[in-house]
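Asks: Build the full structure now, drawing on both the sequences and the hints.
For the protein sequence lines, the chains are S and L, in the order given. Going by the working numbering, the residue at position 254 of the first sequence is 340; the numbering climbs one at a time, nothing skipped. Going by the working numbering, the residue at position 122 of the second sequence is 208; the numbering climbs one at a time, nothing skipped.
No lab work stands behind these hints, which were simulated from the structure alone. Note that the coordinates shown come from a computational prediction; the quantities given were computed from them, not determined experimentally. Every residue gets a Cβ at the ideal spot worked out from N, C-alpha and C, and that includes glycine. It is possible that some hints are incorrect.
[Stated by the list, open to error] With a Cα cut of at most 30 Å, we get these calculated DSBU-like pairs of lysine-lysine:
#  : chain 1 : residue 1 : chain 2 : residue 2
1  : L       : K376      : S       : K252
2  : S       : K106      : L       : K106
3  : L       : K140      : S       : K106
4  : L       : K113      : S       : K252
5  : S       : K114      : L       : K251
6  : L       : K113      : S       : K141
7  : L       : K113      : S       : K96
8  : L       : K231      : S       : K138
9  : L       : K210      : S       : K141
10 : S       : K141      : L       : K141
11 : L       : K275      : S       : K395
12 : S       : K106      : L       : K284
13 : L       : K280      : S       : K244
14 : L       : K284      : S       : K226
15 : L       : K106      : S       : K284
16 : L       : K380      : S       : K106
17 : S       : K252      : L       : K226
[Stated by the list, open to error] According to the in silico footprint, chain S covers these stretches of chain L (three or more CB under 8 Å from chain S):
#  : stretch
18 : 127-133
19 : 158-168
20 : 173-182
21 : 216-224
22 : 332-346
23 : 391-398
24 : 404-418
2 protein chains.
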Amino acid sequence: MKKKQREEDKILLSHGSGGKAMSSLIKKMVVEKFNNYILNELNDSALLPASKDKKICFTTDSYVVQPIFFPGGDIGTLAVNGTINDLAVMGAKPLYLSCSFIIEEGLEMNILDRITNSIKTASKKANVEIVTGDTKVVEKGNADKIFINTAGVGVMQKDFLLSKKKIQVGDKIIINGEIGAHGLAVMSKRENFKTDIKSDCAPLWSLIEQMLSVGGVKFMRDPTRGGVATVLCEIAANADFGIQLHETDLPIHDNVLSFSEILGLDPLYVANEGKVIAVVDKDIASVMLKQMKKDPLGKEASIIGEITKKNTGRVILETVIGGTRIIDRLTGNQLPRIC
Amino acid sequence: MKKKQREEDKILLSHGSGGKAMSSLIKKMVVEKFNNYILNELNDSALLPASKDKKICFTTDSYVVQPIFFPGGDIGTLAVNGTINDLAVMGAKPLYLSCSFIIEEGLEMNILDRITNSIKTASKKANVEIVTGDTKVVEKGNADKIFINTAGVGVMQKDFLLSKKKIQVGDKIIINGEIGAHGLAVMSKRENFKTDIKSDCAPLWSLIEQMLSVGGVKFMRDPTRGGVATVLCEIAANADFGIQLHETDLPIHDNVLSFSEILGLDPLYVANEGKVIAVVDKDIASVMLKQMKKDPLGKEASIIGEITKKNTGRVILETVIGGTRIIDRLTGNQLPRIC
Chain S
87 MKKKQREEDK ILLSHGSGGK AMSSLIKKMV VEKFNNYILN ELNDSALLPA SKDKKICFTT
147 DSYVVQPIFF PGGDIGTLAV NGTINDLAVM GAKPLYLSCS FIIEEGLEMN ILDRITNSIK
207 TASKKANVEI VTGDTKVVEK GNADKIFINT AGVGVMQKDF LLSKKKIQVG DKIIINGEIG
267 AHGLAVMSKR ENFKTDIKSD CAPLWSLIEQ MLSVGGVKFM RDPTRGGVAT VLCEIAANAD
327 FGIQLHETDL PIHDNVLSFS EILGLDPLYV ANEGKVIAVV DKDIASVMLK QMKKDPLGKE
387 ASIIGEITKK NTGRVILETV IGGTRIIDRL TGNQLPRIC
Chain L
87 MKKKQREEDK ILLSHGSGGK AMSSLIKKMV VEKFNNYILN ELNDSALLPA SKDKKICFTT
147 DSYVVQPIFF PGGDIGTLAV NGTINDLAVM GAKPLYLSCS FIIEEGLEMN ILDRITNSIK
207 TASKKANVEI VTGDTKVVEK GNADKIFINT AGVGVMQKDF LLSKKKIQVG DKIIINGEIG
267 AHGLAVMSKR ENFKTDIKSD CAPLWSLIEQ MLSVGGVKFM RDPTRGGVAT VLCEIAANAD
327 FGIQLHETDL PIHDNVLSFS EILGLDPLYV ANEGKVIAVV DKDIASVMLK QMKKDPLGKE
387 ASIIGEITKK NTGRVILETV IGGTRIIDRL TGNQLPRIC
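Replies: Here it is as structure tokens:
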């Protein structure tokens with residue numbers, strides 16, 4: 087027999103009120119789960135240790151992915167990994183996250199429970215602490231179930247200042263694995279399409295830490311919204327070099343390829359959530375690949391292109407059949423609400 | 087003649103896409119307005135100077151106020167001041183803000199323009215920099231115009247560690263001015279009620295810096311959601327002291343009093359956005375008041391109560407007519423979406 091839904095199983099406006107209902111929700115969903123000595127103070131702000139001589143890295147992202155649960159993750163996993171990866175690609179060790187919920191009135195409590203469990207699991211896995219947060223509730227119809235914002239604080243690891251300015255002709259472009267999985271996993275759930283594609287959503291810092299220890303990394307980015315193509319276009323934009331991509335070297339799984347054909351999408355523009363694109367010195371590229379392949383998140387690492395003297399400011403794809411195609415930024419997007 | 091609304095005057099889903107449309111929106115609405123050397127790098131994260139031996143203070147809030155424009159401010163002013171005040175009451179100097187927008191498709195561009203102008207003005211006034219951000223767009227009907235999240239980073243000023251544990255019997259409770267204005271200003275706009283009440287939304291750091299320089303401050307809080315009553319209840323909860331409030335000393339303006347009577351609200355529970363409650367040593371209370379009154383934000387500062395040995399864990403209001411009333415936390419809230 088189906089359990090009868092009770093009023094107390096749903097989020098009410100009073101849960102965002104600052105009163106007793108909010109306190110008990112936060113205790114149950116946040117404090118008891120994310121439990122750490124900084125958060126537990128429950129002050130208006132979290133007090134973090136001094137960063138000494140290390141620069142601080144600070145970032146934020148709001149997550150509005152629809153649907154909130156998808157193969158390989160959910161909005162909670164994404165809110166943790168997406169933000170810490172923005173720190174990691176800067177060469178910063180992610181340490182602390184804030185977590186702020188905007189919840190639509192009427193959301194089932196067990197959905198919030200699942201999501202906060204995912205946040206707990208993802209932050210433990212990535213070794214970061216949720217130290218401060220906020221909860222707002224808006225009337226039914228004024229949000230879509232739940233939106234999450236996370237901001238992240240990390241510390242720069244000394245001597246690893248990455249910058250586009252360090253990029254030189256001949257440098258190799260490396261990615262840690264297959265592309266397009268996140269966007270298509272979300273789409274498969276949205277379109278109710280049967281496929282075994284799972285989001286690649288994962289925390290990248292431990293892989294990146296190893297990459298930085300090899301040395302020779304000039305610049306990194308995580309190809310999320312807009313995909314690999316958009317990141318490469320941003321790297322090439324206004325630069326005094328071009329980028330040459332080799333289509334044959336692009337790691338794209340068959341299931342991704344066939345589902346994107348059905349949807350009329352180009353996997354190069356599809357969001358990833360566990361990928362890093364690194365521009366590295368050509369002399370260390372093969373050592374770097376070897377090191378990356380030792381990590382579960384780098385097993386399929388490959389060199390997908392290089393920095394060229396020609397085609398200044400542009401990204402050129404050398405196609406499988408030997409032709410070339412200009413890769414440009416899209417005006418809009420193929421996929422809204424993918425993260 | 088009314089100017090015809092064009093498609094390009096509205097926010098489209100493509101503005102949140104990661105493509106060219108998003109880039110040009112961010113350039114116009116964010117980079118050119120919030121212009122500073124950290125933000126201008128447009129990296130995935132902002133790189134902040136090391137904090138040396140100073141502890142870092144980190145906080146976040148999402149703003150969902152409805153309506154987004156109200157007498158005395160708007161969601162942009164609120165998103166700046168609300169978050170930096172959370173740092174300030176910890177004794178931290180606010181330095182950096184992130185700013186993340188969730189925008190409903192179809193929002194008029196000039197509304198976003200007004201709001202980002204407010205953010206610019208408020209952050210300049212408070213001497214903080216917007217250093218990183220994010221923009222998401224959701225389909226019409228899946229958000230209410232615009233939600234803003236800001237996270238803030240500040241540095242603790244040495245020797246000013248504020249803590250509930252420092253509070254002692256006899257300490258005085260000070261507030262920097264009249265209460266209830268923010269919540270009622272928002273309600274007046276929502277209910278289309280004619281009144282001259284304006285939100286008290288303001289950045290508190292410069293006042294608080296002066297208060298800390300006087301010394302003797304034990305603990306501070308800004309009485310936002312849930313108002314003065316809720317903050318005092320939180321201070322008293324599980325403590326080995328009580329709090330006595332004097333109704334005659336509560337600074338409440340006549341317009342606030344009469345409008346809250348019409349709405350059936352108690353101003354003690356109404357949100358403020360430019361107020362600080364400080365628990366201070368009784369011996370410095372009068373010096374503190376004098377110092378506070380020199381600041382435009384402290385002109386109406388007053389002692390509203392004290393820490394008592396009796397009524398452990400409770401807040402008791404001594405009423406105008408000489409009786410007493412227990413001030414308890416509300417279960418829900420009087421006013422949803424007030425901030």
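Asks: All hints, please: hold or fail.
Replies: Checked hints:
1. K376/L / K252/S: It is violated: about 56 Å lies between the C-alpha atoms, which goes past 30 Å.
2. K106/S / K106/L: The given pair, whose Cα atoms are some 46 Å apart, is violated under the 30 Å limit.
3. K140/L / K106/S: Roughly 34 Å separates the two Cα atoms, so the pair is violated.
4. K113/L / K252/S: Status holds; Cα separation ~24 Å.
5. K114/S / K251/L: This hinted pair holds, its Cα atoms lying about 25 Å apart.
6. K113/L / K141/S: holds (26 Å)
7. K113/L / K96/S: violated (40 Å)
8. K231/L / K138/S: Violated - the C-alpha atoms of K138/S and K231/L are around 42 Å apart, more than 30 Å.
9. K210/L / K141/S: Within the cut-off at roughly 24 Å; holds.
10. K141/S / K141/L: holds (13 Å)
11. K275/L / K395/S: violated (60 Å)
12. K106/S / K284/L: holds (28 Å)
13. K280/L / K244/S: At roughly 59 Å apart (the allowed maximum being 30 Å), K244/S and K280/L break the hint.
14. K284/L / K226/S: Status holds; Cα separation ~28 Å.
15. K106/L / K284/S: The hint holds at about 28 Å.
16. K380/L / K106/S: violated (37 Å)
17. K252/S / K226/L: Given that 30 Å is the threshold and the Cα spacing comes to 43 Å, the pair is violated.
18. 127-133: holds (count 5)
19. 158-168: violated (count 0)
20. 173-182: Holds, because 5 residues of the stretch 173-182 of chain L bring their Cβ atoms closer than 8 Å to Cβ atoms of chain S.
21. 216-224: holds (count 7)
22. 332-346: violated (count 0)
23. 391-398: Answer violated; 0 residues pass the 8 Å Cβ test.
24. 404-418: Holds, because 4 residues of the stretch 404-418 of chain L bring their Cβ atoms closer than 8 Å to Cβ atoms of chain S.
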